[in-house]
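Protein chains in written order, with numbering that gives the first Met the number 0: chain H, 0 to 380; chain U, 0 to 287.
Certain hints may be false.
If the Cβ cut is set under 7 Å, some of the chain H residues that face chain U in the computed set are [said to hold, decoys possible]:
{"hint": "1", "residue": "L105"}
{"hint": "2", "residue": "S109"}
{"hint": "3", "residue": "A213"}
{"hint": "4", "residue": "N242"}
{"hint": "5", "residue": "V244"}
{"hint": "6", "residue": "A257"}
{"hint": "7", "residue": "L259"}
{"hint": "8", "residue": "M261"}
{"hint": "9", "residue": "Y270"}
{"hint": "10", "residue": "I313"}
{"hint": "11", "residue": "L327"}
{"hint": "12", "residue": "D328"}
{"hint": "13", "residue": "N329"}
{"hint": "14", "residue": "D331"}
{"hint": "15", "residue": "G343"}
{"hint": "16", "residue": "E348"}
For lysine-lysine, the following DSS-like pairs were computed, each having C-alpha atoms within a straight-line distance of at most 30 Å [to be verified]:
{"hint": "17", "chain 1": "U", "residue 1": "K6", "chain 2": "H", "residue 2": "K137"}
{"hint": "18", "chain 1": "H", "residue 1": "K196", "chain 2": "H", "residue 2": "K80"}
{"hint": "19", "chain 1": "U", "residue 1": "K42", "chain 2": "H", "residue 2": "K377"}
{"hint": "20", "chain 1": "H", "residue 1": "K80", "chain 2": "U", "residue 2": "K42"}
{"hint": "21", "chain 1": "U", "residue 1": "K106", "chain 2": "U", "residue 2": "K284"}
{"hint": "22", "chain 1": "H", "residue 1": "K273", "chain 2": "U", "residue 2": "K274"}
{"hint": "23", "chain 1": "H", "residue 1": "K196", "chain 2": "H", "residue 2": "K235"}
{"hint": "24", "chain 1": "H", "residue 1": "K152", "chain 2": "H", "residue 2": "K196"}
{"hint": "25", "chain 1": "H", "residue 1": "K273", "chain 2": "H", "residue 2": "K377"}
{"hint": "26", "chain 1": "U", "residue 1": "K221", "chain 2": "U", "residue 2": "K284"}
{"hint": "27", "chain 1": "U", "residue 1": "K241", "chain 2": "H", "residue 2": "K273"}
{"hint": "28", "chain 1": "U", "residue 1": "K106", "chain 2": "H", "residue 2": "K137"}
{"hint": "29", "chain 1": "U", "residue 1": "K200", "chain 2": "U", "residue 2": "K6"}
{"hint": "30", "chain 1": "H", "residue 1": "K335", "chain 2": "U", "residue 2": "K241"}
{"hint": "31", "chain 1": "U", "residue 1": "K221", "chain 2": "H", "residue 2": "K137"}
{"hint": "32", "chain 1": "H", "residue 1": "K235", "chain 2": "H", "residue 2": "K137"}
{"hint": "33", "chain 1": "U", "residue 1": "K241", "chain 2": "U", "residue 2": "K200"}
{"hint": "34", "chain 1": "H", "residue 1": "K73", "chain 2": "H", "residue 2": "K54"}
{"hint": "35", "chain 1": "H", "residue 1": "K54", "chain 2": "H", "residue 2": "K196"}
{"hint": "36", "chain 1": "U", "residue 1": "K241", "chain 2": "U", "residue 2": "K6"}
{"hint": "37", "chain 1": "H", "residue 1": "K54", "chain 2": "U", "residue 2": "K241"}
{"hint": "38", "chain 1": "U", "residue 1": "K284", "chain 2": "H", "residue 2": "K235"}
{"hint": "39", "chain 1": "H", "residue 1": "K152", "chain 2": "U", "residue 2": "K42"}
{"hint": "40", "chain 1": "U", "residue 1": "K274", "chain 2": "H", "residue 2": "K335"}
Calculated from the structure, these hints are not laboratory results.
Note that the Cβ used here is the ideal one computed from N, Cα and C, for glycine as well.
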Amino acid sequence: MRLHEYQAKSVFSDGGIPIPPSGLANSIETVLEETNRIGYPTVIKAQVHVGGRGKAGGIALVHNDEEAELAASKIIGMDLKGYFVYEVLVEQAIDFIDEIYLGITLDRSSGMPVAMVSSQGGVDIEQVASSTPEAISKTYIDPLLGLSNSQAKTAVSDAGISPTLTDQVAHILLSLYNIWETSDATEAEINPLMVSKNGGVIATDAVLNIEDDALFRQPELADLRDTRNNNELESKANLYGFNYVRLDGNIGIIGNGAGLVMTTLDLVDHYGGKPANFLDIGGGANSDRVENALDILFEDENVDSILFNIFGGITRGDEVARGINDALDNFDALPKPIVVRLDGTNAQEGMEILNTDHLSVESTLESAVQRAIALASKGGN
Amino acid sequence: MSILVNKDTRIIVQGITGSQGAFHTEQMINYGANVVAGVVPGKGGSDFNGIPVYDTVNTAMEEHDATASVVFVPPAFAADAILEAFDATLDLVVAITEGIPSHDMMKVNFSIPPGTRLLGPNCPGILTPGETKLGILPGDIFTPGPVGLVSRSGTLTYQIASNLTNSHLGQTTVVGIGGDPIIGTNFIDCLELFEADPDTKVVVMCGEIGGEDEEQAADFIKENMDTPVVGFIAGRTAPPGKRMGHAGAIVSGTGTGTAQSKIMALENAGASVGKTPSEVTNCVKEFL
Chain H
0 MRLHEYQAKS VFSDGGIPIP PSGLANSIET VLEETNRIGY PTVIKAQVHV GGRGKAGGIA
60 LVHNDEEAEL AASKIIGMDL KGYFVYEVLV EQAIDFIDEI YLGITLDRSS GMPVAMVSSQ
120 GGVDIEQVAS STPEAISKTY IDPLLGLSNS QAKTAVSDAG ISPTLTDQVA HILLSLYNIW
180 ETSDATEAEI NPLMVSKNGG VIATDAVLNI EDDALFRQPE LADLRDTRNN NELESKANLY
240 GFNYVRLDGN IGIIGNGAGL VMTTLDLVDH YGGKPANFLD IGGGANSDRV ENALDILFED
300 ENVDSILFNI FGGITRGDEV ARGINDALDN FDALPKPIVV RLDGTNAQEG MEILNTDHLS
360 VESTLESAVQ RAIALASKGG N
Chain U
0 MSILVNKDTR IIVQGITGSQ GAFHTEQMIN YGANVVAGVV PGKGGSDFNG IPVYDTVNTA
60 MEEHDATASV VFVPPAFAAD AILEAFDATL DLVVAITEGI PSHDMMKVNF SIPPGTRLLG
120 PNCPGILTPG ETKLGILPGD IFTPGPVGLV SRSGTLTYQI ASNLTNSHLG QTTVVGIGGD
180 PIIGTNFIDC LELFEADPDT KVVVMCGEIG GEDEEQAADF IKENMDTPVV GFIAGRTAPP
240 GKRMGHAGAI VSGTGTGTAQ SKIMALENAG ASVGKTPSEV TNCVKEFL
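All chains should be built: construct the whole structure from the sequences, respecting the hints.
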């Protein structure tokens, strides 16, 4: 789960990281209230879950009411890379002489947290990593011991940051690690940490992503979830408890198990079709779950045909077939053609039970995929 | 032969009275698994279908010399249950639970004692056809034979195993290593074990998008394996930045962890890579 910048900054500030004076606003009036409270120059920043806001026109530096009004009217309500901007963060502009990058992430290969520090902050860190990898210091952290004071200082010094700043920056890196750990984060990042003319450091951007699987024990962070920009179908799938990702094709896919559903999408592509979604119905596939899954795909106007690919393991194929039949009985008419393919335990029995008045049955994955593609190219219904 | 588990494996089930634990313990016993004890805190002294239940893994070990444990404990308590199994110095701990926080798993992985192996979490478990199973794999679709199978996914493994079985290509052992970003046993560990098993004539390795485990496994295959390897990678059409079901199945925004990179690495290492599950069966046939 990704937090907004203003939410992440609030967590960072509580964790002892200095941030500029700021306030949240959602209208021209509230923007002006904030700029006048904070004082010019001020930065107005769109609060959306997407990177590269500056280049996309979602960030403006303003020096007076006139500029603030113009920027607010432009940014609030704009479409920023497909995201509607509901709020902006109004923040004091910092007069800086240097920009530093600090980040903590989880390194999958080693299974360890890694702290990254760079003297070249303010730009995309991936660019720095590819053009001048020596400008980033990487420190692997024993998850049982955490980041030590000396490790933090070494990391900062290895990144080529001025020795006069080592203590200050190392202190912030330690705070960032503590925040990362206590909030079950996958990423915690300050880019940039600005060095002001008087030698102080201050975090002017903040990224904090929380692991979805840990939200059960992070209730305060879970409450910060902003779903206003979510696709309606994705919200619905979330509610039904499905793993669902919407794609841009027209073959709707329902299957069980992440690997098998991914493979089904790949096969659709292999045979020249385009998958409309990833939907993992999970174990069981009883009538309620089948009905809910169909509900999502029927509602998706991009979907021209639906491919149901179920491997019966512990859940037997005949049980799955009954689930499908019962679910279909609950729809008066089927708006889209459905192809079902069952394999695994009791698949044969399952396919014999299926009510073929409403659907096509195929016995192999390959033929089912090809049938779904053919039905979709006929223009669906 | 087989790797890691066989009919002599003596099994403790942690969380034996939960709905998943109870159901799958019965399935395991029906398959022939030697389940010697269950562990549920607070239910010590009771029994589950004749299997004695203990409060802790250590008290169970005082009465039963178990060699492995299967963990069916909910995510919030699973890391603790795994650590408890580590304390009892079992040979193998199989964590089925899906949804254990990564922060917990990092710490768990740094606490594995010498001599103990962790499989999973978020995995279907391990099965040696005709002998035993630890986990939730459906027994009916497997049959003994010369193919070693290791996979990050559940139902995809079943699909591929079922195709093999239908083509009369049985398996030595089938291992699900799990779909999480932080797991215990990885591809390389399993490849090494299959390479050392004289009965395994071909290894099928099913990977998926996310991370670099398949790339590292490819290096291992190139350097260390004589046994032929057939690969399959799921997720060629997955868009970057989206989690495809498994917590670990995600192509990063910068394009690492793609299926293309994994397929290329495996092919460069001399493995045959099937584009479809049926092609995997055909590739295996060529080596037998």
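Hint numbers not upheld by this structure, sorted from lowest to highest:
Of the numbered hints, 2, 9, 11, 12, 13, 14, 16, 17, 18, 19, 20, 21, 23, 32, 33, 36, 38, 39 do not hold.
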